[in-house]
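2 protein chains.
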Amino acid sequence: MSKILIFGHQSPDTDAITSAISFSYLQNQLGKVTEPVALGEATDETQFALDYFKADNPRVVTSVADEADEVMLVDHNEAQQSVSDIDKVDVLAVVDHHRIANFQTSNPLYYRAEPVGCTNTIILKLFKEHNIEIPENIAGLMLSAIISDTLLLKSPTCTKEDEDAARELADIAGVDLESYGKDLLKAGTNTSDKSADQILNADAKNFPMGDYNVRIGQVNVVDVQEVLDRKDELLSEMDKQSQENSYDLFLLVITNVLESDSVALVFGDDRQKVADAFDKDIIEDTLLLEGVVSRKKQVVPVLTKALS
Amino acid sequence: MSKILIFGHQSPDTDAITSAISFSYLQNQLGKVTEPVALGEATDETQFALDYFKADNPRVVTSVADEADEVMLVDHNEAQQSVSDIDKVDVLAVVDHHRIANFQTSNPLYYRAEPVGCTNTIILKLFKEHNIEIPENIAGLMLSAIISDTLLLKSPTCTKEDEDAARELADIAGVDLESYGKDLLKAGTNTSDKSADQILNADAKNFPMGDYNVRIGQVNVVDVQEVLDRKDELLSEMDKQSQENSYDLFLLVITNVLESDSVALVFGDDRQKVADAFDKDIIEDTLLLEGVVSRKKQVVPVLTKALS
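In order, the protein sequence lines correspond to chains A and B.
Heads up: the first sequence at position 43 corresponds to 43 in my numbering, and the numbers run straight through without jumps.
Heads up: take any position in the second sequence, counting from 1, add 1000, and you land on my numbering.
With the rest of the complex left out, here is chain A (with noise of 0.2 Å):
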């Protein structure tokens, strides 16, 4: 019997990649046979937790039938967002915190979301309902992952639950929360050394919105300028993957960590629309969105119901 793959989205976020970890962790545990693997790299921030909690990056993998029947999904249930060979494999399992949508299975499955924060903080209750205790380095990523969420607990997102299973996580781990949460979210926010592509699609996902294929990337900053001063180059790679990958439109969402404030850099030939769903003008290229930080509470809503 193969092996059942964990995962979660392409473009991996910390919490894409340490649910999977954490998950796998659990179903082992459960008699299971599992491995939790990646859908991509590891961005800064996700390094700077494994590294911190001594943990083995996951194997990147591009399809996954070729290795296994059967899969568990984490963080995302979107067909467009997971594997690319998502269709020809077995969805025994999804733990998710966002909408649903594009997903369908021939069987009856294990489906788990609330409208919570952050995946592992649905697996935290996992653990509890299951009576297995979880090591140092797991509730350390678990951590992590609810850090880079919740913006340090600071995001629209965040939940009462979220909040607690932050504190009870740190105690497992042994951590500060606060001085933990800031330095991890720093180690996500340089942009320097990297290239425009990497900027647009380290954290960015593809939402079919009416008649629309929507492209929004996010990127976590100290300096939001720092980014902006990049513009042409941004918006010239836009340009260059939306004709590639049939984008209508491409947002990047620049997001300030420390300020809870965001600029959207817009691209597309009916950006105006964009515009028209936040009720703000196009300056320079870009809507400025105050208070806005997270893209699936305060963007993704509001862009499905203009377009839709």
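Think of the hints as simulated: they come from the structure by calculation, not from any bench.
Don't take every hint at face value.
[Claimed, not checked] Heads up, simulated DSS-like pairs for lysine-lysine below, C-alpha to C-alpha not over 30 Å straight-line:
1) Lys-1160/B / Lys-32/A
2) Lys-1297/B / Lys-1194/B
3) Lys-128/A / Lys-1160/B
4) Lys-1003/B / Lys-125/A
5) Lys-88/A / Lys-1003/B
6) Lys-160/A / Lys-1273/B
7) Lys-1125/B / Lys-128/A
8) Lys-280/A / Lys-1088/B
9) Lys-1280/B / Lys-1297/B
10) Lys-1280/B / Lys-305/A
11) Lys-154/A / Lys-1032/B
12) Lys-305/A / Lys-1160/B
13) Lys-54/A / Lys-182/A
14) Lys-1088/B / Lys-273/A
15) Lys-3/A / Lys-1297/B
16) Lys-297/A / Lys-1032/B
Since the structure of chain A is provided, determine the placement of chain B on it from the hints.
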């Protein structure tokens, strides 16, 4: 603020109706304002359970958007099995034990599916996770659903968890599992006073499979021949309804609840494909399906694979 409506699938069976009641009770204890409703009248079996445990029939509705903004779904997720205007309301939560298909949301939600035999087995877990006590009569209704969905723990869909849940709920409800179970199942098997339409559609669902729109009804009996004696009348009604509703294939699975076997009456131009899927011959418009009692586990996957 309008009430949150909670309902199961169209052509409701005992699980669809009682899981709306039990989940609504749980949600109300948790502070939500909800009402269980039904997308059709109770069957004889369900009515027996409601009467036995002195519960009110949920109000029957055919649309919800005129009176509610938010809903919760139990025992189903597929749009074509749900209320007609499901696209006009927000789905806050789903508790289900079926495959996921034709379901999507704009926002993150609570979704709890497990591959067990009955929705109420999952709802029992939710009661425990929230430390909410289950009243005797609600436990009786939940038990009735497990008996109904698993044919008194005999269906291949029945898991160890369903069995444990049934015994636990029988204790709370203060009934003998075996004798109450047989009484309940028998209550649902009388077909003599039913029209062909009622026999076909009392527990029927639509399944898009590849290019086919497949209607599959199921009727539980203690004497299969009693239904087959009305074959011509049933086929004529299947023909009429297939034309009216663009069904490509219409199956009536006639299940002997005491013998745990089924005979399927099959209508549609391409009905030979159904026979091929089961590697059987159609004899006098019927397929003999030995050991088949579960539409979900033994009929739908076989047909989905053959027709997709």
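These are the hints, each one checked on the structure:
With a C-alpha separation of about 18 Å, the suggested pairing of Lys-1160/B with Lys-32/A holds against the 30 Å cut-off. Restraint check for Lys-1297/B and Lys-1194/B: the C-alpha separation of about 27 Å stays at or below 30 Å, so the hint holds. Between Lys-128/A and Lys-1160/B the CA atoms are separated by roughly 21 Å; this keeps the pair inside 30 Å, and the hint holds. At roughly 29 Å between alpha-carbon atoms, Lys-1003/B and Lys-125/A fall within 30 Å of each other, so this suggested pair holds.
Between Lys-88/A and Lys-1003/B the alpha-carbon distance is near 42 Å, which puts this suggested pair outside the 30 Å criterion. Simply put, Lys-160/A and Lys-1273/B have alpha-carbon atoms about 53 Å apart, too far for the 30 Å limit, and the pair is violated. Between Lys-1125/B and Lys-128/A the alpha-carbon distance is near 14 Å, which keeps this suggested pair within the 30 Å criterion. Restraint check for Lys-280/A and Lys-1088/B: satisfied, since their Cα atoms lie roughly 27 Å apart, inside the 30 Å limit.
Taking the CA atoms of Lys-1280/B and Lys-1297/B, the gap is about 18 Å. The hint holds against a cut of 30 Å. With a CA separation close to 49 Å, the supplied pair Lys-1280/B and Lys-305/A exceeds the 30 Å bound. Our distance criterion of 30 Å between C-alpha atoms is met by Lys-154/A and Lys-1032/B, whose separation comes to about 26 Å. Distance hint between Lys-305/A and Lys-1160/B is unfulfilled; the C-alpha atoms sit about 43 Å from each other, more than 30 Å.
Among the hinted pairs, Lys-54/A with Lys-182/A is consistent with the structure: their alpha-carbon atoms are about 19 Å apart, no more than 30 Å. Restraint check for Lys-1088/B and Lys-273/A: the C-alpha separation of about 23 Å stays at or below 30 Å, so the hint holds. Between Lys-3/A and Lys-1297/B the CA atoms are separated by roughly 24 Å; this keeps the pair inside 30 Å, and the hint holds. Restraint check for Lys-297/A and Lys-1032/B: the C-alpha separation of about 22 Å stays at or below 30 Å, so the hint holds.
Checked against the numbered hints given earlier, this structure breaks hints 5, 6, 10, 12; the rest are met.
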